[in-house]
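Trainee: Chains A and B, in that order, are what the protein sequence lines are. Going by my numbering, 24 is the number at position 24 of the first sequence; the sequence numbering is gapless. Going by my numbering, 127 is the number at position 127 of the second sequence; the sequence numbering is gapless.
Pairs of lysine-lysine residues, derived as BS3-like cross-links and limited to a Cα-Cα distance of at most 27 Å, are as follows:
| id | chain 1 | residue 1 | chain 2 | residue 2 |
| --- | --- | --- | --- | --- |
| 1 | B | 154 | A | 88 |
| 2 | B | 295 | A | 47 |
| 3 | B | 82 | A | 88 |
| 4 | A | 47 | A | 33 |
| 5 | A | 38 | B | 154 |
| 6 | A | 107 | A | 51 |
| 7 | A | 103 | A | 42 |
| 8 | A | 51 | B | 295 |
| 9 | A | 42 | A | 88 |
| 10 | B | 265 | B | 300 |
| 11 | A | 47 | B | 162 |
| 12 | A | 51 | B | 154 |
| 13 | A | 103 | B | 82 |
| 14 | A | 85 | A | 51 |
| 15 | A | 35 | B | 154 |
| 16 | B | 165 | B | 138 |
| 17 | A | 47 | B | 132 |
| 18 | B | 247 | B | 209 |
| 19 | A | 51 | A | 33 |
| 20 | B | 82 | B | 295 |
| 21 | B | 154 | A | 33 |
| 22 | B | 132 | B | 165 |
| 23 | B | 154 | A | 73 |
| 24 | A | 47 | B | 154 |
| 25 | A | 88 | A | 104 |
| 26 | A | 42 | B | 154 |
| 27 | A | 33 | A | 73 |
| 28 | B | 82 | A | 51 |
| 29 | B | 82 | B | 300 |
| 30 | A | 104 | A | 51 |
| 31 | B | 138 | B | 162 |
| 32 | B | 82 | A | 47 |
| 33 | A | 73 | B | 165 |
| 34 | A | 103 | A | 88 |
These aren't lab readings, by the way, just hints derived from the structure by calculation.
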Amino acid sequence: MQFTRKLIVITGLSVTVMAAVAAIKPGDPSVEKYKNLKVLPKNISSKELSKIMVDEFQDDLGISCNFCHAENKDTHRPDYASDEKPEKQIARYMMRLTIGINKKYFKLRHPMIGDSALVITCVTCHHGSPRPENATSQ
Amino acid sequence: MAKKNLIIDDKNDDGIDRKGFIRCMAWAGTGIFWMMSGGVLKSYGMSQMIDKTTGGLKKGLVMPPSDFSFVQISDSHIGFNKPANPDVVGTLRAAIEKINAMPTAPSFILHTGDLSHLAQPDEFDTLDQALKAVKSEKIFYVPGEHDVLNGNNKEFLARYGKGTKGDGWYSFDSHGVHFIGLVNVVNTAEGGLGVLGNDQLNWLQDDLKGVSNSTPVVVFAHIPLWAVYPQWGWGTRDSAQVLSYLKRFGSVTVLNGHIHQTMQKVEGNITFHTATSTAFPQPQPGAAPAPGPMKVPAEKLRGLLGLTSVHYMEHDHTLAITDTPLTEAADKVSQ
Chain A
1 MQFTRKLIVI TGLSVTVMAA VAAIKPGDPS VEKYKNLKVL PKNISSKELS
51 KIMVDEFQDD LGISCNFCHA ENKDTHRPDY ASDEKPEKQI ARYMMRLTIG
101 INKKYFKLRH PMIGDSALVI TCVTCHHGSP RPENATSQ
Chain B
1 MAKKNLIIDD KNDDGIDRKG FIRCMAWAGT GIFWMMSGGV LKSYGMSQMI
51 DKTTGGLKKG LVMPPSDFSF VQISDSHIGF NKPANPDVVG TLRAAIEKIN
101 AMPTAPSFIL HTGDLSHLAQ PDEFDTLDQA LKAVKSEKIF YVPGEHDVLN
151 GNNKEFLARY GKGTKGDGWY SFDSHGVHFI GLVNVVNTAE GGLGVLGNDQ
201 LNWLQDDLKG VSNSTPVVVF AHIPLWAVYP QWGWGTRDSA QVLSYLKRFG
251 SVTVLNGHIH QTMQKVEGNI TFHTATSTAF PQPQPGAAPA PGPMKVPAEK
301 LRGLLGLTSV HYMEHDHTLA ITDTPLTEAA DKVSQ
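This is chain B alone, in the form it adopts within the complex (with noise of 0.2 Å):
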């Protein structure tokens, strides 16, 4: 019943009416699939698409049409082992299941940073071993400030951060789209909040130069750089900079982590969106007394964690978002 109201007024043939787009919101902790047009989204709840028994896709699904894809992973946090999650290694293959039974492999992953939990190289090993399973060519990082501890990003920089500026922030295109990967966990400012700073926020300007109006641009980085919940330091402080220079562009798209949950928000040309944790939830803003890792009954546990996948077709210029689960079917895959 639910299913059939969701779309009822669909004057614009998108897919999505408002009732319809306030429902899948609510969706959002349990995955949604995404896709933006010019600023407007359509969007199905994965419940439809997912199949509980397998895990997958159901059957017969015919994913939408796109010139690529690529996965968005986040929060590994390898070397963590208190209740909320003592086997993170274990997720962390989970969401590599995941990725590998996609019917076409994405052409690269975005860990989007917290790959280990102390920055320690045994785990940063943990985690390049586990990834290797993953079919995909490239994996491209930015760090938490888990990776950067003590003010240490030596060990993050040499495996990581060849080819990159500064703190490790860089640029690159693909299949038409100019993805952007920034750095925001180095200098921390008060509360926690993250901060580009001055050097960087300098070179993106001078990146983002040469970049047309009408080139999709992704960007991804650890902290929110939209002010999800200052109070817990869920926020850049100087991001507003950075929205500044993406002004111009048609469509843009902020990937983040470091929150542990899925949130999204349209502002604009621009679609924010933060992932969920291969390792452990976070509680949602405002419902504890501060953040950390949260400990939910153990067959809760991989609803609440997952990946990102996006999908970008080229002739639209629309990049479809998708949350999906480690729901306990992957659990069977792994075993």
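Chain A with its partners taken away, still in its complex shape (with noise of 0.2 Å):
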């Protein structure tokens, strides 16, 4: 009787267990883990970053990775982590700016760089240059 109490206790208990991981949200393939994200979201999809890195930087800034991320010195890869180059640092500063501007001189709600709905974005002032026309040299 009391070993069909324990089984009973112990079967309930792994159904529960069982239940609880099925519960979870498996992992996102898309959604990797991206080291120093501050200003995109943290949760950030690979595609969705790739896109914003492609379409917003590459594309309206005429750059390559290299623009902003340094180099690891003993793989020569880019360290997307790094901060090392000044470069990054302005491009968060850009980011803020123009989602500061979509927000409190175009109203949007919660701004994000790569949205379509953005009225200010990078190509509006640097039509496919690094550095915009007009900027003065630092």
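Grab the two chains, each in its own frame, and use the hints to assemble them into the complex.
Mentor: Laid out in structure tokens, this is it:
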């Protein structure tokens, strides 16, 4: 009798644990863990991030990854998490500026870089150039 | 008239004189047919070869005899949907139709990178699905920088990198020609220049050790291995080392993509050739503030996209390169 009761309790617990595990949403393979994102959402998907890098930065400013991303001295590959290059800090500032303008002057509620609803984007000023025309050189 | 004047001083019976060569160079944007023999080029305008109403070869035109041929396609950018070309799958299919309309099916296809626009699994799936229709035995790939975005080349290697070394470089022999696929997009240099890296260069040096000087060599990679326009990153930082390894060979052909336009250069024994994209054109070097998708009138788009076919004649050790635009006639075929 006692054995049967134990068996029921163990079975019940096992079912509960299995149900709890099944209820956890499986990891979305498209969402990668990126280190050191400060303006873009930390849970951004690979596709969204790539689209921003290509459409907003590569095409709108006419630059490649190395413009902002430092090279890893050991692997010689871009170190995407590194803040070594000042251009990356400027890019963050520019993204905040773009979001702020869209929020303040165009009353967008939750503007995000890459949104098609943005009124002001990188290309508004850059026109395919890393430094907008008439910008003073530093 | 221009056609008659094309070859007027053909002393070497090679089908080309200097004036004709310069004229042909000016046609590069519209497609030309190239034959190389010992560093000497023979060229014919595609306008003479292509029937504008069908988009295929003119009726009765006999292609030069060749032991085998292959086709290069490049920069499909599946996933791209901006105004420069909102239907990149459609233009890729038009290129496939062109390949399938060839009188002799090519032995294989080389895709010189940027298969996808954002390196996403669904983009690679779409490309694979479209390329199932191509009539050819095999397709060889090298990645473009869009296929390895954000430092992730795992997806590309899992799909197309079986049996390759390092980041996906490899070589193979076919019909007496040695083919080498190089990867110059994983490590990139300042300004977007391609980089091959020491590991790959060491491998290449080793790979070439067993290849005789008389073996024709074809090297293919995404970013040009010659300095097309370094200001836009259209070149490879350590390509000089590759070229030094290739000096001893009698015939070397280097095929690249990346710049989305046809360009050709001959330097000693090496012929460099960049292919047009199947997706969208880019501006000519220096003609815009920066490289990028170039919007052209819809009726002109397919004239700026295309594919490259290469015929090889074993006895002469020559490679003939032909660029074919995706003309409007191709639209009719694909509809």
